[in-house]
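Asker: So the protein sequences, as listed, match chains A and B. Positions 1 to 115 (our numbering) are the ones given, in order, by the first sequence. Positions 1 to 111 (our numbering) are the ones given, in order, by the second sequence.
Just so you know, the hints here were simulated from the structure itself, not pulled from any lab data. Hints may be right or wrong, so weigh each one.
Below, computed lysine-lysine pairings styled on DSS-like, alpha-carbon distance capped at 30 Å [said to hold, decoys possible]:
id, chain 1, residue 1, chain 2, residue 2
1, B, K37, A, K78
2, B, K42, A, K83
3, A, K44, A, K15
4, A, K15, B, K68
Computed from a predicted model, the values in this text were never measured in an experiment.
Now for the letters of each chain:
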Amino acid sequence: EAGVAQSPRYKIIEKRQSVAFWCNPISGHATLYWYQQILGQGPKLLIQFQNNGVVDDSQLPKDRFSAERLKGVDSTLKIQPAKLEDSAVYLCASSPRDSSEETQYFGPGTRLLVL
Amino acid sequence: GENVEQHPSTLSVQEGDSAVIKCTYSDSASNYFPWYKQELGKRPQLIIDIRSNVGEKKDQRIAVTLNKTAKHFSLHITETQPEDSAVYFCAAIGTGNQFYFGTGTSLTVIP
Chain A
1 EAGVAQSPRY KIIEKRQSVA FWCNPISGHA TLYWYQQILG QGPKLLIQFQ NNGVVDDSQL
61 PKDRFSAERL KGVDSTLKIQ PAKLEDSAVY LCASSPRDSS EETQYFGPGT RLLVL
Chain B
1 GENVEQHPST LSVQEGDSAV IKCTYSDSAS NYFPWYKQEL GKRPQLIIDI RSNVGEKKDQ
61 RIAVTLNKTA KHFSLHITET QPEDSAVYFC AAIGTGNQFY FGTGTSLTVI P
C-alpha cells in the first residue's frame, strides 16, 4: 500500500514569513497526526484529527500554528509568522481507526529551516 | 499529562552483544507502549509494541517488557548487528489517547 505522503520535503524561510505543509495519509486511515521533531528530541504531538474533527490540539501554539483536515483526508499545517525556534522536522502520521492504540505510519517529514 | 523518560540517551555496544533501553512513564492509565526506530534522516518506524494486559512480547531479536506496577518498560535487542544502529524512541499513550514520546536513545553497534 502507498505510504503517508508529505510535501514539501524541505523548506527554508526567513523569520516572520509564512509556510504551509501538506499531508496525504494512507487511504482509509481515519486518524491523522502532526508532530514537531526538533533535532535531538523525540516527536512532539501538535494536533490529532479523527476524520475531519480535532481530537487533541493542546500542544499546538495556536497564536501562530493552524491545521485543518477538510473532508477528512488531506491535511495542511500552517505557521504564520514563523520564528527561529520553529526550525524542525514536521512529521505527519496516520492510523487506521479512531484509537491511538493503533500503529502509526509516519510520512517522510518536512524539514523546515527558519533563518 | 503523561511524562515519558528514556535512558540512556546514547548507547554503544559491540556487535553480537545485547542492548537494553528503558523508559518510565507517569500516567498509570497509559495502556499502549510502542517502540520506534528512526535511522538518520528517515521517518520513525514501529518495531514492536506492547499493551498493558501483557508483560512481555518478543519478535525475533527484539523484545519488550512492561512492569505496570513500577511504570516502566524496556526494549531488549539481542545479538546486535550494525544495521541496528539508529535512534530508538519509546512512547506511551496517556489519558485522552495522547501519544507521548521519550527523548530517544542513539544506539551504535560497533562491528
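Asker: A separate judgement is required for each hint: does it hold in the structure or not?
Answerer: Hint by hint, here is what the structure shows:
no., hint, result
1, K37/B to K78/A, "holds, 27 Å"
2, K42/B to K83/A, "holds, 24 Å"
3, K44/A to K15/A, "holds, 21 Å"
4, K15/A to K68/B, "violated, 45 Å"
Violated hint for the displayed structure: number 4, the only one.
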